[in-house]
Amino acid sequence: MNYFEHFNNLALQELEFLAKNGDIPSDLNLSRATAGSPRDPNHGDVALNAAMVLAKDARMKPRDLAELIASRLRSHDDIELVEVAGPGFINIQASPGFWSARLLEILSLGREYGASNMGAGRRVNIEYVSANPTGPLHVGHGRGAVFGDALAAVLRKAGFDVVKEYYINDAGAQVDILAQTALLRAREALGEEIGPIPDGLYPGDYMIPVGEALVSDHGDALFRMSDQEQNEVARGKAISMMMDSIRDDLAAAGINQDIFSSERSIVEAGSVDAALATLESKGLVYEGILEPPKGKIPEDWEERPQTLFRATNFGDDVDRPLKKSDGSWTYFATDIAYHFDKISHRGEELIDVWGADHGGYVKRVSAAVQALTGKKDALDVKLCQLVRVLRDGELVRMSKRSGDFITLREVVDEVGRDVLRFIMLTRKNDAPLDFDLARVVNQSKDNPVFYVQYAHARCCSVLRHAKDAGFSERPEDLIHADLTQLADEDEIGLIKLLASWPRIIEQAAEAHEPHRVAFYLQEAAAAFHQLWNKGRDDTTLRFIQTSDQEATKARLALVQGVIAVIASGLNVLGVQPAEEM
RNA sequence: GCGCCCGUAGCUCAGUGGAUAGAGCGUUCGCCUCCGGAGCGAAAGGUCAGAGGUUCGAAUCCUCUCGGGCGCGCCA
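Note that our numbering has the first sequence beginning at 208, numbered continuously upward.
Note that these hints are calculated values from the structure, not bench results.
Watch out, some of these pointers could steer you wrong.
Claimed, not checked - Pairs of lysine-lysine, DSS-like flavour, derived with a Cα cap of 27 Å: (1) K583 / K652; (2) K652 / K570; (3) K635 / K489; (4) K635 / K674; (5) K570 / K501; (6) K570 / K582; (7) K741 / K703; (8) K635 / K530; (9) K530 / K489.
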């Protein structure tokens, strides 16, 4: 249960009663009434703004309306205390029984706790990584990969029906260059001296096995084929080998997408014509001449009429070309078709995860999706900022395998998938991230992964000790514990924090911001460690009290609650909780 | 020149209309015979880049200015 929503709903019910009774107008818009946590915990557990938001329309003073609502809430079982404060806040303190019920809810749901039906089964399509199949994934791709994967998990937990997708850019000039590189590497594999890889081709060592594979498939017959045939064979082989290796790298990071869509197949299936016909039928395609771009004008700029999409009708800065000068589709045109395909078959809402360097492309794609669907917010593009890889504060550069960047694989091999995934989410997606290979594996408090894992492991340790001392640690036994034994303010505070997990999931899903989960887990871990440390000074607060069975059972229930919530959160991030460290 | 993102404590960053703006690191001062060691507790520290505006209420929304990053037809 999202308890904020719960108390807000109670207030809304009372408002409806008051409306029916004629005390307030019946046509109030209740959607702006929300619940938050009061700044000062002494003000209660939940603060409602309903009275302040509705006062004007209700033609009442905010505090008077608040008092009216408050007086009706006071009798509710879940509520201990209601106060009207400040400009008209309704501050609610929940009853002890309410918090006990939350802990029982956590124990009975285990790591399923936090799931919500907010999404109501709505289909969301999330596309991420989508790196060109022209080389290995680097850490920047890794960030998008982890972000997309975690966001997908957040959305699933919030009740959305999610499709995870990868778009393979296997058409266009880049893969032609890849094919040429593969052919050169094939000559090398046949024993020819090829010298340094010419500028413009892909220099990385990872193309050597592609050349070798071409030779083992075709031998020197490869070079007796027509140029076109050679190119096609080389391109097909190179793309399939690159994609295999990309899939391997993703799998090593624990990322498994549901669908891999190919740009080439979209063009070949005629989807571009279909999507553009739709735009044309709406009068959004025309022949025209574009102004040269301001600032630096390309040297080979040539004014000519071209086929344009009226992106400016939907908030873009200029209309965008759909055809290149050689008559083939621009990348944008096939991308329109791809998004048309997704929105027609694989999701009512689309999310694209891109690198920040593609920011300039957002408006035109949003414009196209808007034109195709008639909906303004059918597409949300999330941009991930740069990752800098450091080692003890020193910038790390160069990689033998890729030619320039640290690869995702190298990082996974060095620090492990769990560390990679967690650290990638310790920054908001649009903030740059420093990834320090040395610090992220430190076993100290300033390493967030360790800190959270340590909390979970400590909990597991307590349960092991309890078991040795003859207690049952099983949740199904612990639900019978007398939870009123949990009376210390830090124990109660921890329960409240655990109980806010469902709200975190909903907020993260709403905002498309999985990092909120990582931040929440650090908070939950901190609260647990704090309670633990309190037991160092005050032995009566330790979890296991051999002389007090009831207190121990209640505290074990709390420990199981911490385990459930941390495991639930780590699970969403794709990180395996540690039972020992 | 234009567009997008960012500007919050000494540093790295949370906080997408609510009350006295938070955390970690660093600094200062105490504690450390510990269920699990990889420390604990407390304090100091702020013109939320700046200026206007919107309203009961703004770090948050709008406009402008300054500063940083990214991008700007036939690359994807």
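Quick rundown of the hints versus the structure:
no.: 1; hint: K583 / K652; in the structure: violated, 44 Å
no.: 2; hint: K652 / K570; in the structure: violated, 42 Å
no.: 3; hint: K635 / K489; in the structure: violated, 38 Å
no.: 4; hint: K635 / K674; in the structure: violated, 41 Å
no.: 5; hint: K570 / K501; in the structure: holds, 18 Å
no.: 6; hint: K570 / K582; in the structure: holds, 14 Å
no.: 7; hint: K741 / K703; in the structure: holds, 18 Å
no.: 8; hint: K635 / K530; in the structure: violated, 37 Å
no.: 9; hint: K530 / K489; in the structure: holds, 19 Å
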